[in-house]
Amino acid sequence: MKIELKNLCKSFNKKTNAIDRMNLTVEDGEFVALLGPSGCGKSTTMLMIAGIYKPDSGEIRFDGQLVNDWEPKDRNIGMVFQSYALYPHMTVLENIAFPLKQQKVPKKERMERAKQAAEMVRLGHVLDRKPDELSGGQQQRVALARAIVKKPKVLLLDEPMSNLDARLKIEMREELSRLHKELGITTILVTHDQEEAMMLADRIAVMKDGKIIQYGTPMDLYHRPSDFFVAQFIGTPPMNVFRGKLIGNHLHFLNQSAELNNEQWNTAQGELDVYVGIRPHEVKLGKGGDIRAKGIVQMIEPVGHAQIIRVNIGDEQLRLFAEPTAAIEYESEITVSFHLSSLHLFDVRTGKSLRKEIMKESQTEEMVG
Amino acid sequence: MGSALKKWKLPMIMLGPFVALIFLFFFLPVVLIVILAFTNMDSAMRWEFAGLANFQKMLEDPNLFKIMKNTALYVGFTLLINVCFGFVLGILTTYYIQKEPVSLVFRTIWMLPRMSPPVVYVLLWLWFFDPSEYGVLNSLRALFHMEPVAWLHEHPMTAIILANGIIGASFGMIIFSSAIKSIPKDLFYAASVDGASQWSIIKDIIIPAVRWPLMFVTIWQFLSLITSYEYIFLLTNGGPLFESEVLALYSFHKAFQNFEFGYGSAISLVLVIIALIFSFMMWKWFGMQKMMRSSKIE
Ligand SMILES: Nc1ncnc2c1ncn2[C@@H]1O[C@H](COP(=O)(O)OP(=O)(O)OP(=O)(O)O)[C@@H](O)[C@H]1O
Ligand SMILES: [Mg+2]
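Protein sequence lines correspond, in order, to chains A and B. The first sequence runs 1 to 369 under the UniProt record's numbering. The second sequence runs 1 to 298 under the UniProt record's numbering.
Keep in mind that the hints were calculated from the coordinates and are not lab data. Please note that a few of the clues may not be correct.
[What the hints assert, rightly or not] Pairs of lysine to aspartate or glutamate, EDC-like flavour, derived with a Cα cap of 20 Å:
no.: 1; chain 1: B; residue 1: LYS185; chain 2: A; residue 2: ASP132
no.: 2; chain 1: B; residue 1: LYS185; chain 2: A; residue 2: GLU71
no.: 3; chain 1: B; residue 1: LYS203; chain 2: A; residue 2: GLU94
no.: 4; chain 1: A; residue 1: LYS2; chain 2: A; residue 2: GLU27
no.: 5; chain 1: A; residue 1: LYS54; chain 2: B; residue 2: ASP186
no.: 6; chain 1: A; residue 1: LYS54; chain 2: B; residue 2: GLU100
no.: 7; chain 1: A; residue 1: LYS6; chain 2: A; residue 2: ASP69
no.: 8; chain 1: A; residue 1: LYS73; chain 2: A; residue 2: ASP63
no.: 9; chain 1: A; residue 1: LYS14; chain 2: B; residue 2: GLU100
no.: 10; chain 1: A; residue 1: LYS104; chain 2: A; residue 2: GLU94
no.: 11; chain 1: B; residue 1: LYS99; chain 2: A; residue 2: ASP56
no.: 12; chain 1: A; residue 1: LYS294; chain 2: A; residue 2: GLU263
no.: 13; chain 1: A; residue 1: LYS73; chain 2: A; residue 2: GLU59
no.: 14; chain 1: A; residue 1: LYS284; chain 2: A; residue 2: GLU331
no.: 15; chain 1: A; residue 1: LYS130; chain 2: B; residue 2: ASP42
no.: 16; chain 1: A; residue 1: LYS73; chain 2: B; residue 2: ASP186
no.: 17; chain 1: B; residue 1: LYS57; chain 2: B; residue 2: ASP42
Model, not experiment: these values are computed from the prediction.
Make the full structure from the sequences, and use the hints.
This is the structure:
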């Protein structure tokens, strides 16, 4: 089912909008992740799509049909709530079978399908327990099973894996991904975990203060963030950021200056404060790149396949990945370098990217989205 | 030994007065009733032990069967109205009326009779049931050209059940509505996403959540109904004859009208025993042990 949100607004008090003129299109069968800081309105958006909150203004369309006034039960959705919302006096099996019971599925088939769903989330062994006899992760999986058991047209998942351990998380992701491919359910996933969003989602919508800042494929968001907020939010470890100044097409930062290509970058009229961003993995040891800097090693973090090095350049910090075999010592001075083309530039005042192609792309995206 | 004394001295001093008070006002009456029940004390106030004579008399009392039946009917139906009506009001003012100010006004209206003195409340009912054509019910009948009816004479049980049922509903309403309000909102949301009907939401979410309050209200109302009689006393005084007399009122009549304190106490003792048995049954029935069981977490 194709979901469209048009100019959606919702406020809980008279002063601010929790959701502010939001536009989002989720294609039929697409997997979309909503990513954003706490309190930005992700759950509110989900509850509006589910029909539990009524929008103050704007449209919600399923397959082109206006559904603003449809009851939740008529929307054919499955939902995992952030609080799980399991029925406390029912056993795990009864919880999972509850949506089927409401659809008047015969008892035998109902139990069969509920067991299957429970198996899928690895809960076959706790079917007779009550929710308060389960761990947080188990409860979360019951909620997931309950959401998918009726094979809905739309799946809304509000942080469905936040309480699982690393291995289980990977298993559940794979299950979700498989399920999504098999059944072609249009899925919206709310998550704090950008890795999860990157892995599962066809497209990611980054939200802030009730608005969508950027909506695009994971690669788009990673390589061409249109906004400083997105650039900072996506990627671990986060993007390195320096303060800089753009004068005409001359960029001054880290005590040096570089000339920017007019075709790639929007240049400044006069002087402009900018954030200069560079992804840690774009920074190399040695003098290979266009821009070089000397720094003092502050921290070395081995992460298995690599080590993360933190260096101080003047009073600014920079992180980079180094080969796990590279012999680097604390407090030693090293030279790092990177290419001008892998820089990201953002206007300090507006937060917008100064890269030209992005401006175009994000504009078209805005029109599509 | 000495150290134990030291340890308990302060608690004893602090708790002493309360223990004494509890003994004086809670325990002593029961003890007194038990003792008095075996005497034939009358207005002369002499303690004369009479063995089981009072209970013998009770078995032979020609009115007692009628009174027992009245008590069962009265307590049963009033309790039903109290609890069911209270529950309906509770759901109405929390689940169906979501606007808090509206439901607050609504609840307050239902509380009003509880806040007004019983005499005033009963006066309203007396006016309602008045046998002349000026009574509320009779003036309604007059609209259809029907003869006035002496309601309190012809349907005394119905009258006392209605009057008590309606005033008692507010208690259940308050308890139930706060229990329903404490159910997490997300449960209702989840149920509506899962396609639950209104009936299913009441049956599968609200009722299980108010199991405890339901037991509490049932037992509490039962105990207060079986032992109190002021509304019956004011409305019909058990009459006509023994048509609406219940055990508690009978005990009062015996003790303070006929001054048969011994016999009145024996009746009260029967009441206490019935109340104990009933409470125990409810306890079992609502599966107290199961609720008390601690949860196992893997
Ligand atoms: N029922 C409500 N009443 C009043 N304000 C609310 C309500 N629900 C949400 N809000 C407000 O709306 C804003 C968005 O809340 P929402 O729950 O959608 O955030 P979220 O993005 O899901 O955050 P989190 O990641 O912490 O779950 C918050 O500022 C919150 O305080
Ligand atoms: Mg949330």
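Find the hints from earlier in the document that the structure breaks and name them by number, from lowest to highest.
12, 15
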